[in-house]
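Asks: Read off the chains here:
Number of protein chains: 2
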Amino acid sequence: MNIEKMVEIGLLFEQYKELLTDKQKEIVSLYYDEDYSLGEISENLNVSRQGVYDTLKRSEKILKEYEKKLHLVENLKKQECFINNVSDKIVDIKKDLECKEYTNLIPKLENIQKLCREMLK
Amino acid sequence: MNIEKMVEIGLLFEQYKELLTDKQKEIVSLYYDEDYSLGEISENLNVSRQGVYDTLKRSEKILKEYEKKLHLVENLKKQECFINNVSDKIVDIKKDLECKEYTNLIPKLENIQKLCREMLK
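Read top to bottom, the protein sequences are chains Y and L. Take 1 as the starting number for the first sequence in the working numbering and just add one per residue. Take 122 as the starting number for the second sequence in the working numbering and just add one per residue.
Just so you know, these hints were derived from the structure itself, not from any lab. Treat the numbers as computed from the prediction; the structure is a model and nothing was measured. Do not rely on the hints blindly, as some may be mistaken.
[Said to hold, decoys possible] Cβ-to-Cβ under 10 Å is the rule here; a few derived chain Y residues that face chain L:
1) 48
2) 80
3) 94
4) 98
5) 109
6) 110
7) 116
[To be verified] Computed footprint of chain Y on chain L, listed as stretches where at least three residues anywhere in the stretch have a Cβ under 8 Å from a Cβ of chain Y:
8) 146 to 154
9) 191 to 202
10) 228 to 242
[To be verified] Okay, derived cross-link-like pairs now, BS3-like style, lysine-lysine, Cα gap no bigger than 27 Å in a straight line:
11) 235(L) with 69(Y)
12) 78(Y) with 235(L)
13) 94(Y) with 242(L)
14) 77(Y) with 5(Y)
15) 138(L) with 78(Y)
16) 199(L) with 89(Y)
17) 108(Y) with 229(L)
18) 121(Y) with 221(L)
19) 178(L) with 17(Y)
20) 77(Y) with 216(L)
21) 69(Y) with 221(L)
22) 221(L) with 61(Y)
23) 61(Y) with 17(Y)
24) 68(Y) with 138(L)
25) 108(Y) with 210(L)
26) 69(Y) with 138(L)
27) 77(Y) with 185(L)
28) 68(Y) with 144(L)
29) 89(Y) with 242(L)
30) 64(Y) with 199(L)
31) 190(L) with 5(Y)
32) 235(L) with 61(Y)
33) 64(Y) with 77(Y)
34) 242(L) with 68(Y)
35) 69(Y) with 126(L)
36) 198(L) with 64(Y)
37) 178(L) with 57(Y)
38) 108(Y) with 216(L)
39) 121(Y) with 216(L)
40) 210(L) with 69(Y)
The beta-carbon is built from N, C-alpha and C at its ideal position, and this holds for glycine as well.
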């Protein structure tokens, strides 16, 4: 399985796992979080290999459908981006302060305020 | 209907409306967003008053069940609180700068960085 898909399903699973059944949750977790193979899951849970495969495909479809409607992974990425952006700007302002460069600080702070307002929209 | 309940259902509806059917969405929107009465909705949509009532109750239950599992309204409130908190601290730092009070600025900025780190957890 390619890594991109693992990360994608991993993120979706983190957001929406409570919307899956216990059985779906268990199989997705074993496959994506614990890196078990289809054969190992089949053996451990006493379900046919085809059954494990079908549950995985069905669960992936459900997770993607929820993302299409609620965009939680997309929003989480935006939020992380916002917070990293604010953090970087704070680091920059601290550097200015350490060098006693005070003139440009107010516009820089206003920039953060603008970001906050946009995030609250 | 009391205002608290209207606000609660309004917030839930905003987060989870895409998980309702078109019919449920329409009735919840008319009742909670547009402030139509049961009778008016019944007349406009050509559904019995009891049907409108049942759809509303069923939709409210669905919305609450999703919130129990995904906590989107709860998380949104936390996020707003974080952003307002950062905004307030920026306002405070700007005041210090205007008064040329530089000594306490670094700890104040570090405080915002701490908030950001907590938010990213």
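Asks: Next step is simple, just say for each hint if it's right about the structure.
Replies: Each hint tested on the structure:
| no. | hint | result |
| --- | --- | --- |
| 1 | 48 | violated, 29 Å |
| 2 | 80 | holds, 6 Å |
| 3 | 94 | holds, 5 Å |
| 4 | 98 | holds, 8 Å |
| 5 | 109 | holds, 5 Å |
| 6 | 110 | holds, 8 Å |
| 7 | 116 | holds, 5 Å |
| 8 | 146 to 154 | violated (count 0) |
| 9 | 191 to 202 | holds (count 4) |
| 10 | 228 to 242 | holds (count 8) |
| 11 | 235(L) with 69(Y) | violated, 33 Å |
| 12 | 78(Y) with 235(L) | holds, 19 Å |
| 13 | 94(Y) with 242(L) | holds, 23 Å |
| 14 | 77(Y) with 5(Y) | holds, 17 Å |
| 15 | 138(L) with 78(Y) | holds, 21 Å |
| 16 | 199(L) with 89(Y) | holds, 22 Å |
| 17 | 108(Y) with 229(L) | holds, 15 Å |
| 18 | 121(Y) with 221(L) | violated, 32 Å |
| 19 | 178(L) with 17(Y) | holds, 26 Å |
| 20 | 77(Y) with 216(L) | violated, 32 Å |
| 21 | 69(Y) with 221(L) | violated, 50 Å |
| 22 | 221(L) with 61(Y) | violated, 58 Å |
| 23 | 61(Y) with 17(Y) | holds, 12 Å |
| 24 | 68(Y) with 138(L) | holds, 13 Å |
| 25 | 108(Y) with 210(L) | holds, 14 Å |
| 26 | 69(Y) with 138(L) | holds, 9 Å |
| 27 | 77(Y) with 185(L) | holds, 25 Å |
| 28 | 68(Y) with 144(L) | holds, 20 Å |
| 29 | 89(Y) with 242(L) | holds, 19 Å |
| 30 | 64(Y) with 199(L) | holds, 26 Å |
| 31 | 190(L) with 5(Y) | holds, 25 Å |
| 32 | 235(L) with 61(Y) | violated, 38 Å |
| 33 | 64(Y) with 77(Y) | holds, 16 Å |
| 34 | 242(L) with 68(Y) | holds, 25 Å |
| 35 | 69(Y) with 126(L) | holds, 25 Å |
| 36 | 198(L) with 64(Y) | holds, 25 Å |
| 37 | 178(L) with 57(Y) | violated, 33 Å |
| 38 | 108(Y) with 216(L) | holds, 14 Å |
| 39 | 121(Y) with 216(L) | holds, 25 Å |
| 40 | 210(L) with 69(Y) | violated, 35 Å |
In this structure, the earlier hints numbered 1, 8, 11, 18, 20, 21, 22, 32, 37, 40 are contradicted, and the remaining ones agree with it.
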